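Make a model of the complete structure from these sequences and hints.
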Amino acid sequence: MSDPLFELNNQDLHYEGRRILSGLSLSINTGERVALVGQSGAGKSTLLKHLRSLAADRVAWCPQHHGLVPMLSGYHNIFMGGLDRHSLFYNVMNLIRPFAEPKQEIQQLADRLELGDLLFNSVDRLSGGQQQRVAIGRAIYQQRRTFLGDEPVSALDDFQAEKMLSMIANRHDSLVIAMHDTGQALKLCNRIIGLKQGRVAFDLSADQVQPEQLAALYQ
Amino acid sequence: MSHCEPIHRPAPVASSASGLRRVSLVLALIAIICLFFADLETYSANPWNELARMGAGLIAPNFWSSQVIISAVLNTLAFALQGIALAAIAGFLLALVYRLFWVRAFCAFIRAIHELFWALIFIQLFGLSPLTGLLAIAIPYAGTLAKIYGELFEETDPEPRNNLTTTKSLSTFFYTTLPLAWKPLTQYTSYRFECAIRSSIVLGFVGLPTLGFHLETALSEGQYSDAAALLYTLLALIATIRWWLKKSLLPIYLLAAIIYLPPTAIFHWSTFTQFFTVDIIPAPLRGAEVSLLGNSAAASWGVQSAELCDWFMSLWSQQILPGICNTLILSQIALVVTGLIALLCFPLNSVLFFKPLQRYCGDGLLIIGRTIPEYLLAFIALLLVGPSMLPAIAALGIHNGAIIAHLLGRFSDDISLRDDACHGINRYFYEVLPRLYRQFLAFLLYRWEVIMRETAILGMLGIGTLGFYIDSAFEEFRFDRAMLLILCAALLNIGADFLARQLRKQLHLKTTPETL
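As they're listed, the protein sequences go chains A and B.
When the letters of the first sequence are read in order and numbered with our numbering, they come out as residues 264 to 482.
When the letters of the second sequence are read in order and numbered with our numbering, they come out as residues 13 to 528.
Simulated from the structure, these hints should not be mistaken for laboratory data.
If you're wondering where the values come from, they're calculated on a predicted model, not measured in any experiment.
There may be inaccurate statements among the hints.
[To be verified] Straight-line Cα separation of at most 35 Å, DSBU-like style, residue types lysine-lysine; simulated pairs:
1) A/426 to A/366
2) A/312 to B/195
3) A/312 to B/159
4) A/459 to A/366
5) B/258 to B/159
6) B/367 to B/159
7) A/312 to A/426
8) A/366 to B/517
9) B/195 to B/259
10) B/517 to B/195
11) B/195 to A/366
12) B/258 to B/367
13) A/366 to A/312
14) A/366 to B/367
15) B/258 to B/195
16) A/312 to B/367
17) A/450 to A/426
18) B/159 to B/195
[Said to hold, decoys possible] In silico negatives: residues of chain B with every beta carbon more than 12 Å from chain A:
19) 81
20) 168
21) 170
22) 172
23) 173
24) 298
25) 318
26) 397
Quick reminder that beta carbons are idealized off the backbone N, C-alpha and C, glycines included.
In C-alpha cells:
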C-alpha cells in the first residue's frame, strides 16, 4: 500500500461549535475512489471540509454551495480554478479580455461539460444544473490529483450525472465524494463509507456492501 | 424577616419600539435645551421686502450673461470630474488595505476635514489655481470612498473566495471580491459625483471660478435675476446627470476636463517651506532653533513652554470652546429639525398618500431641496434674516430633511397595506410611521456626521461655529491657529461619526452607510 493521502486517528470533528463526528479513525490512500453516503446531517460535509483543510492546496474542491461569482461568465468562474498558475498581470488582463490559450482549454472542458454555447453567459443567467456543471469545471480546472466533491451532481439527471462523474474520475487519481444516490456511488467508487448519527456505520469495498446495510443508513 | 408572600410581578413589557422612542426623546430633549443657548434673532429690518425681490428675480431670470454661465458650468464640472477621478483611484487603493487600523484612522481624518477647509489650506500653498480645487475635492472624497469601498469589499459573499486556494490574494480579489462589489461600488461613486458637483459649486464661495463664485457675487450685490439664472442652471445640471453621465463617455469627459482645466499651479518652494516650517508652527515656538543656540537654552525652553501654554489657553477660551459649543448647539437643533422636516415631507414621495401626478410634483420639491447645497441655502437665508443660527438651521433642515424624505418616501413604496387600511392622517400614524421609524432613525443618525461637518463650515458665513474662527484665522494669516481649529473640527466629526455608529449598532439599525 502506498502512503495514506488522508489519515484520521480517533478524531472529533466540529461544525460551528457543535460536535458532528466523534471518535473518527480513517485512512484514505492514493488511488482510492471513496463515496461518503448517509442521511443529510450525518456529517458528510463536515468530514469533507476537514479532509480539505488537511491538504487545501493539493485537492480539487467542489463544494455543495457552489460559491460562484454570479456576475462573471462561466469562463471566468472556471478560470478561477487556475489563478495560481499565472501572474497577477496575466489574471487581470484575462479578466478584461480572455487570452487565447486558456480560452481554448476551457472551451474544450466546457464542451465536455455540455456548456459549450453558454460559456460566456453570466453565471446568474444559467439554470441550477448548468451552474453545477460550471462548479465542476472550476474544480477540474484546478488540475489537482485528488478530487473532493460534496454532492457534485445533485442537480443533474441520471444520464448526465453519470457522464460528469466518469469525467471527474478519469481526470483524478483519487476521489472522495459525498453522494445521496447510492446507485451512483456503487457504480463509480471502489470504497463506500456509510455515516450515521456522527459515526462510521460501515467502511467496506464496493463489492462487499450489502443492500440492507445501505438501507439501514436511511432508517 | 423574610416571610413575604411571593409578590406577583407582571412580566416586563416586550417592546420593540422602546429603544427607538428613548433615542428620539433624548435627541429632542438635547435640542430643546440647546434652543435656550442658541442665537435665533432676526437681524434684518425687513426680511419680507428682500424676499419679494428674490421672488421677482426667480420669476424673471436673466440668462443674458451666458458667456459667464457657460464657463462657470465647465469649470464646475472640470473640478468635480477630476476630483472624483483622483479620489476614486486613491480611495480604491486605500480600500485594498482598509483592514489596517492606521489606514482606517487616516481615512477618517482626511474625510473629517471639509473640502472648504482643505481649499483654504491649499490656497495658501497653490493660490487660487486649478490644483487647489482638484485637491480640495479629491482628498476628503478619497477618505469617504476608501471607507465605502472597504466596507463593500468586506460585505461580499466569502464563499467564492473560500473555495479558491491560491497564494495570489490579489488575483482572487479581482476574480471574486471586486466583481461581487462592482455594482454598488459604481452606483455609490456616481452618487458621490453628484456630491462632488455640489462641492465644486461651493468652492466658488472661497474664490475658485465655479458657479458658486458668480452666485455669491450676484446674490450679495442683490442681482437676483442673474442669481436666478445661475440657480436654474445648477438645478438643470444636477437634475440631468443620469442622462449625460454614461460610463462609456467617462474617459472622454475626463480627458476633456484635464485639457480644459489642466491641474496646475504656480508653485514656489519658498511658500511651501515657509508654510510648513514657520506659518503653521504655534507662534510662541517660532524661532525656537535660533534661541536654542544661545547660552540659556534650558531657560528659554521653559519660557517658551509657558508661552505656548498661554497661547493655547487663550485660544481655547476665546475661540475653540465657544466654537465647539456653538457647533454642537447648532448641529443638535439642525438634526432634530432635519428629522421633523423629513417626517413631515416623506408622504410627498409616497404612493401610499398621493396619486402619481401629485407625487411627481411633491418629489420634485424634495429633489430641489436636495440639489441645492446647504451652504448656498444658508447664504440665501442669511441675506434675509441676518447672521444668526436661524438661517443655518433652516438650510441644514431643508437640505438634509429633503434627502431623507425622498429616501423614506421611496422606502414606503415597499409597504403593502391591507385593502381595508385607514386613510389620511390615521394611515400616516397607525400604518406607515411605525413601520418606517426604524429606517428613519438609521437615515437620520447616518446624516449626523454630515450635519456636524456642514455646521462647522457654515461659520464661514458669520455664524459663531468653528468655521467662523477658522475663516478669521486665515484672513489674519494666523495659520497656526487655523490648523489647530481645523484639527478640533476634525476631531468633533470623528466623534460624531463614532457616536452615531454606536447608536446604530445598539438599536440594531443597519450600520453600513446608505447612498445618502
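- Say whether it holds or is violated: residue 298 of chain B keeps its Cβ farther than 12 Å from all Cβ of chain A. At about 49 Å from chain A, residue 298 of chain B clears the 12 Å cut-off, so the statement holds.
- Task: With a cut-off of 35 Å on the C-alpha distance, tell me whether residue 195 of chain B and residue 366 of chain A pass.
- Result: holds, 26 Å
- Query: Beyond 12 Å from chain A, beta-carbon-wise, is residue 81 of chain B?
  - Reply: For residue 81 of chain B, whose nearest Cβ neighbour in chain A is about 40 Å away, the distance exceeds 12 Å, so it holds.
- Query: Per the stated criterion, does the least C-beta distance between residue 318 of chain B and chain A lie above 12 Å, as a non-interface residue requires?
  - Reply: Label holds. Min Cβ-Cβ 57 Å, cutoff 12 Å.
- Query: Can we trust that residue 168 of chain B is non-interface, i.e. its beta-carbon lies farther than 12 Å from all of chain A?
  - Reply: violated, 9 Å
- Is the Cα-Cα distance between residue 159 of chain B and residue 195 of chain B 35 Å or less? holds, 16 Å
- For residue 170 of chain B, which was marked as not at the interface, is the minimum beta-carbon distance to chain A over 12 Å? violated, 8 Å
- Task: Given the hint that residue 195 of chain B pairs with residue 259 of chain B, test it: the Cα-Cα distance must not exceed 35 Å.
- Result: holds, 12 Å
- Query: Does the structure keep residue 312 of chain A and residue 426 of chain A at a Cα separation of 35 Å or less?
  - Reply: holds, 25 Å
- Item | Proposed proximity, residue 517 of chain B with residue 366 of chain A (alpha carbon, max 35 Å) | violated, 47 Å
- When you check the alpha-carbon spacing of residue 366 of chain A and residue 312 of chain A, does it fall within 35 Å? holds, 31 Å
- Could you grab the alpha-carbon distance between residue 312 of chain A and residue 195 of chain B and see if it respects the 35 Å cut-off? holds, 32 Å
In terms of the numbered hints stated before, the structure departs from hints 4, 6, 8, 14, 16, 20, 21, 22 and 23, listed from lowest to highest.
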